[in-house]
Amino acid sequence: MNQLTEIIKVKNLSFSYDGLLALQDINLSIYAGDFLAIIGPNGSGKTTLLKLIVGLLKPQKGEVFLFGQPLEEFRDWHKIGYIQQKATYFDPFIPISVKEVIAASLYSNQKYFIGNKKEAEEKIAQVLKLVGLDDIGHKKITSLSGGQQQRILIARALVNEPEVLLLDEPTTGVDYLTQENFYDLLGQLNKDRLLTIILITHDYGIVNKHVNRVACLNQRLVYHGEHSEFCQSDVVQQFLSGGHHLVSHRH
Amino acid sequence: MNSILVSSFFWRAILAGSFLALACGLLGVFLVLRRDAMIAHGLSHVAFAGVAIGLLLNVLPLIVSLIVCILGSFFILKLKNQAKMPGDTAIAILSSAGMALGIFLTSFKRGFGAELMTYLFGDVLAIAPMEVWLAVGLAFLVIVLLIVNYYPLIFSTFDRESALVSGIRVQRLEEMLIFLSSITVVLGIRIVGLLLVTALTVLPAASSLQLARNFKSTLILSSIFSLFSIISGILLAYIFDLSASAAIVFISIFIFLVCLALKKINLVKSS
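Those sequence lines, one after another, are chains Y and H.
Residue numbering for the first sequence is 7 to 257, as defined by the working numbering.
Residue numbering for the second sequence is 20 to 290, as defined by the working numbering.
Think of the hints as simulated: they come from the structure by calculation, not from any bench.
No residue lacks a Cβ here, since even glycine has one placed at the ideal position from N, Cα and C.
Do not rely on the hints blindly, as some may be mistaken.
[What the hints assert, rightly or not] To be clear about the criterion: a stretch of chain Y counts as covered by chain H if any three or more of its residues have a C-beta under 8 Å from a C-beta of chain H, and this derived list gives those stretches:
#1 53-66
#2 81-92
#3 96-102
Build the full structure now, drawing on both the sequences and the hints.
Have a look at this one:
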């Protein structure tokens with residue numbers, strides 16, 4: 007896929023919750039190989055936009071196209087990897103092993119219950135190795151640290167060989183170093199595997215070295231463009247005053 | 020003991036009980052983990068109305084209650100999904116309606132109460148041959164559908180939102196689970212009765228969750244606990260002339276307490 011293939015297109019999109027406007031007239035194009043950071047204050051519609059893109063919410067006005075197809079006709083969901091907000095806030099009661107978490111995603115995309123078990127095992131081992139956790143497949147996911155759980159969720163998304171990964175504030179509740187390692191992994195996936203990444207983040211400073219495009223939301227799309235131009239734009243000042251971090255820092 | 024081996028009604032009870040045990044053991048894990056444990060309780064009250072209609076019309080109560088239960092379960096889903104009502108509220112509304120309808124219908128026929136009692140408290144040793152085959156067939160259907168949908172069920176139980184994005188028809192799975200719950204509850208009525216049917220779906224699952232290290236072992240342990248409770252309960256009831264439903268539930272509770280103790284010992288050791 008070349009650099010200019012449009013994989014997600016958002017056209018005149020608006021959405022409100024019970025009459026309360028969340029998003030207004032959003033137009034956005036995301037191309038193969040992009041690492042897009044979506045930033046904005048609380049309540050600016052970031053999560054709503056991501057949920058509309060992956061079909062968890064239905065647009066009230068406007069359209070979303072995935073890989074050139076209107077969302078309602080799109081069926082190739084294996085091309086999309088999604089990690090929701092607070093994704094690691096698991097039910098502590100659930101007895102599921104790391105391997106089962108990944109296998110459930112892999113087998114659910116196959117038509118039949120019994121697939122090629124050996125091939126599946128190899129795929130699971132490969133993605134675990136890729137995220138640097140190849141020896142914990144038998145462990146309960148709830149027994150792992152927050153940082154390890156995030157990597158397992160990345161592995162779960164990668165096992166279906168997606169072309170785009172959408173993440174909603176994936177590092178909530180983990181320390182700075184773990185966050186930095188996690189974003190380095192995303193950067194590596196973006197560069198080495200040409201995986202398109204769309205990331206909602208509150209801490210732009212940690213991630214900005216990997217990002218090539220930025221979308222700034224405040225119900226409307228305030229800015230959408232190159233990362234380098236964003237740093238010199240007026241929007242920066244507004245975000246600095248809103249408690250956002252544009253440069254890398256340690257807490 | 021010899022008389023047990025030649026007793027056809029004993030073997031009928033064991034056959035129907037074993038299939039139902041497997042269905043309950045597997046289904047219960049998903050219901051408990053999805054916080055839908057009380058659905059069996061609610062549906063058993065709805066089934067009460069079905070039993071009353073069946074007895075009043077002289078149609079096999081098991082079949083009528085199955086139909087009423089399935090209709091009721093879809094009504095619960097409608098209240099949950101379309102009226103955006105919390106699941107426990109929807110279950111409470113429908114179970115009250117089912118119970119009220121059942122009680123109302125009892126006033127139409129004399130001597131109705133005694134017949135109804137066997138459905139309230141269950142009588143597995145009095146199960147008819149036709150009911151056995153119905154139970155075996157339906158329990159088999161429950162087991163097969165759960166196994167075929169094993170991975171999508173795990174995925175959506177663990178992480179509903181991601182399962183939706185991955186293209187799994189989560190709502191269909193939820194409809195299937197409530198449909199299978201209806202079948203299991205109706206079959207359970209014959210074994211332990213309306214009042215204790217929740218125990219069959221909840222206790223083996225809750226016991227296995229104390230010990231299991233992964234999803235697969237949870238399902239296996241839950242099925243074993245369920246099988247053991249039902250078979251040993253029927254055996255004890257037959258030998259000592261006890262109520263089979265009470266024996267089954269007591270054994271299930273005993274297993275749960277043992278599992279709870281084992282978990283505590285394990286925690287103490289590992290700390």
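So, going through the hints one by one against the coordinates:
Counting residues of the segment 53-66 of chain Y whose CB falls under 8 Å from any CB of chain H gives 3; the rule of at least 3 is met. With a cut-off of 8 Å between beta carbons, the segment 81-92 of chain Y has 7 residues touching chain H; three or more are needed, and the interface restraint holds. With 6 residues having a Cβ less than 8 Å from any Cβ of chain H, the segment 96-102 of chain Y passes the three-residue criterion, so the hint holds.
Consistency note: the structure conflicts with none of the earlier hints.
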